[in-house]
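A.B. asks: Here are the chains, one letter per residue:
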Amino acid sequence: MNDASPEEVRVRVTVDSDTPELLQRLAGSKRQAREIVYLLRLGLQMEKMLSGKVPMVGVTADVGVQAPVQASNQTVTPVAVAAPVAVGSTGIPSAEAFSEMSGLDADYFSAPVTYQD
Amino acid sequence: MKPESPVTVDVRAIDVGYFSTKLTLGRKLVGDNSTIATTLFPSLAPRLPANMSLQTALHGKPDGSVVNVDDVNYFVGRDASLYSSGREPREVLADYSMTDKYHALMRGAFHYIAQDAKAGNELVIRHLVLGLPLNTFGENRDKLAARATGEHLLPDPANPGAMRRVTVEKASVIVQPQGALVSYGATHSQVFKEGWVLVVDPGGGTLDWYVARGRLPNWQRSGAYPKSMLACAYAVADRIDPTWRDNFEIIERIDKAIRENAPSFTTAGNVYELAPFTSGIEAVLKESTDKMVARLGSMDNLDLILFTGGGAKVYYEFFKARYPKLGKILCMDEDPVFSNVKGFHVAGEIMSKPKAA
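Chain order of the listed sequences is S and L.
For the first sequence, our numbering begins at 1 and goes up steadily by one.
For the second sequence, our numbering begins at 1 and goes up steadily by one.
Wrong hints could be hidden among the right ones.
Sample of chain S residues lacking proximity to chain L, with all beta carbon distances greater than 12 Å (derived) [to be verified]:
1. Leu-26
2. Ala-27
3. Ser-29
4. Arg-31
5. Gln-32
6. Ala-33
7. Arg-34
8. Ile-36
9. Asp-117
Looking from chain L toward chain S, a few residues come up when the C-beta cut is under 8 Å (computed) [said to hold, decoys possible]:
10. Asn-33
11. Ser-34
12. Phe-137
13. Trp-196
14. Glu-349
Derived by calculation from the structure, the hints in this document are not laboratory data.
Cβ coordinates follow ideal geometry from the N, Cα and C atoms, glycine included.
Next comes chain L alone, as it looks inside the complex (with noise of 0.2 Å):
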């Protein structure tokens, strides 16, 4: 049989998050504009049984893909709910890009950027960027780096039984809330030439916050904290039933309920007004707020305050309430759930450029 040709793209971006997993799949045009086209699954990755083999876990054609890390196949994907013991905790962990199941929701992704560029059993990524919070950036980008480059197989929805190898040529990981404000300045490219910006970036897992002025950004000013969405959910939960925290689906609809300023959300036919929990919400918000505040020191000299992530609206409203004298300069991105993917790809088409002789 003629092998086939690899096919390669330039530049993609990853963004595995707590809830979700978001990636790019390269530029499209839509009307007269190239826009970056991005599509997510969500962050779980069921570990399958060892006696199941790859036919039967991919009978039926789910939305997704096996994977294996370390000998231990996992489904990631769109339908990755399918296969879950319905226990799926979501554990904030300061080295969650060094996991296992990070690594697989990274090769799942993989499977979505071969299926839209249209691959055979070979892929190759020019460029890879992926991104980390600033609390674990300087111990793990050098080693998530590494463990993203290289070949990396996938089974070939092609061909039952086949392999499909997807080979990572250059991977760099950038500071997470970079990607958003990047996004940011494709539109407001005056962000980077004057004035303190602040990005405040709520994830799943970690609250986020980036200071630059200009081009240069502020280290000392800058940080990390491991309370965010997530913690919010949990203090729901953790009041109606601990157990909760285990299942993946509940801790969702609790926290799209308190993303969208619901008043209640229903699990197993029981509705569960939201009031009763205000304050255990505000306080994971008050304190991851706190260390913020405190790291920046004072907030007078601040331009602009970009509000990014799933968080984004949440943290906003709360901020806004908190501080009214800073209501001028806050800002809501207009795409939180996808700016960083989007902003590290741009970084990836950056650092891809040719130099300059």
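Just chain S, with the same shape it has in the complex (with noise of 0.2 Å):
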């Protein structure tokens, strides 16, 4: 990186849209090239952790590991589990994501319940 011009550096970031925080973390940044180099580096030692290259300082799940994204008035810590974390083998889609698959939407969930026992 210490001989990358800005010019010839193209990083690009997708945000998912059930994490506001971030996106708001990075608009409100003054300097949003630092912060994303930041995420990125956490996502690096995430990386490493995960496949086992360096130690799970502090996590205390077999699997389960912090996302570096914390609410949003905290500031990003390193990678510390407080509580046991249960993980699924696959990944849970984004609500948009999710609703765009299923064609779910919130009347589904609060659609009066005609049961009668």
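With the hints in hand, could you dock these two chains into one complex?
C.D. replies: This is how it looks when you write it as structure tokens:
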């Protein structure tokens, strides 16, 4: 990265719409490039942990790690998990993606229940 | 002292069961996958003596929290058994969600949500999702949502003597097995498009079942019956020593042995074979399954039967042996313990989405 001039470096960042805090954080940041690089470094760090290349310091679960995305008013801190986390083998799509592929919307859950025992 | 800013989380979900309370901790990245982190603690809420101070109760930093419900202090969390008198009956009650114990367990879940979010003395949950069995849904949905919404005070672990405020801005309650179906649908979205699906959800207290075709539920064929895994464990305990019903640890050992199809369980140094009690367990399975089948009417038009919940494997095996011709459409949930609560979480995210103009 030392010899990469800004004209030659393009980073495309995709922000999940289910993490509006991240969007706000990046949009409101004075130094967006630094913020993105920091998040990328955290991502690489997690990848190394998950692939067993570095020890999972501070992680109590077998495979669970806390994402580098914190609540809106928190600072990004090194990976740490307070409680055991169970993680499925596959990811769960974001609400938008899920709605799109399943056709479910809020009405599905709030529809009147006409059940009689 | 400068007041701390509240930590805000968007969606969280809690599934308060008879054996354990499951909760979500938000989305986490695992590799390239966005998944929903979960955790659980036993559904025990031992009442603390009235003269025990918070400082005394929390001395030694036990894993959990003291919660106050109607001026009574309970200890809830992973170390709850340390505060138990040894007698913690788990009765299956129609209004379980309205009991102080349920409320205490829900507040125990708030403790773990706050801990995970690294909240200080103030946490805001924008949208909380809970679930109820179908047989109590109509009666208790609004009451439970109202009870969950608003402010809840818990001890602040970082400041002994101070309290932490958890504010739930909005609470929704959905039908329990819908959660499992949504979780399953995350990787099998066709279940919401075509065919008849039956979700069988044997929890600790109730056997729930939910029938839907595509996105349309059939309430006439869906239902719940208040006998499930706890009744199986009681069927064994009653034959050996009926007072064991009130001993949660022995009941849990029996339940574990049944769920894992173990040949025996051990308590007080004595080994008890399960084989002599098989008929009692099967009687419970038959009774609850018969209720479900009677309500379902014909099962021949079903396209998928999904087994979820803590007793999924037990009911799956029983069903497979009893209805062999349905074998091709029986399916075991990959994550039966947490699939309901993960589905509640996804439901909360979908309900929280801004509506398209």
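A.B. asks: Take the hints in turn and mark each one as holding or not.
C.D. replies: Quick rundown of the hints versus the structure:
1. Its beta-carbon lying about 16 Å from the closest one in chain L, Leu-26/S satisfies the requirement of being farther than 12 Å from that chain.
2. Look at Ala-27/S: its CB is around 17 Å from the nearest CB on chain L, clear of 12 Å, so calling it non-interface holds up.
3. Residue placement check: Ser-29/S keeps its beta carbon more than 12 Å from all beta carbons of chain L (closest about 18 Å).
4. Look at Arg-31/S: its CB is around 22 Å from the nearest CB on chain L, clear of 12 Å, so calling it non-interface holds up.
5. A cut-off of 12 Å between C-beta atoms confirms that Gln-32/S is not in contact with chain L; the least separation is 20 Å.
6. The Cβ of Ala-33/S sits about 21 Å from the closest Cβ of chain L, beyond the 12 Å cut-off, so the non-interface label holds.
7. Remark: the non-interface label on Arg-34/S is consistent with the geometry, its nearest Cβ contact in chain L lying 20 Å away (cut-off 12 Å).
8. Distance check for Ile-36/S against chain L: the nearest CB is about 15 Å away, which clears 12 Å, and the non-interface claim stands.
9. For Asp-117/S, the condition that its CB be more than 12 Å from all CB atoms of chain L is violated, with the nearest at approximately 6 Å.
10. Below 8 Å, beta-carbon pairs count as interface contacts, and Asn-33/L has one with chain S at about 3 Å; its hint therefore holds.
11. Hint status for Ser-34/L relative to chain S: holds, with the closest Cβ pair at about 5 Å, below 8 Å.
12. At its closest, the beta carbon of Phe-137/L sits 6 Å from a beta carbon of chain S; the interface hint therefore holds under the 8 Å criterion.
13. The interface hint given for Trp-196/L is broken, as the beta carbon of that residue sits about 17 Å from the closest beta carbon of chain S, more than 8 Å.
14. Hint on Glu-349/L holds. Least Cβ distance to chain S is approximately 4 Å, under the 8 Å limit.
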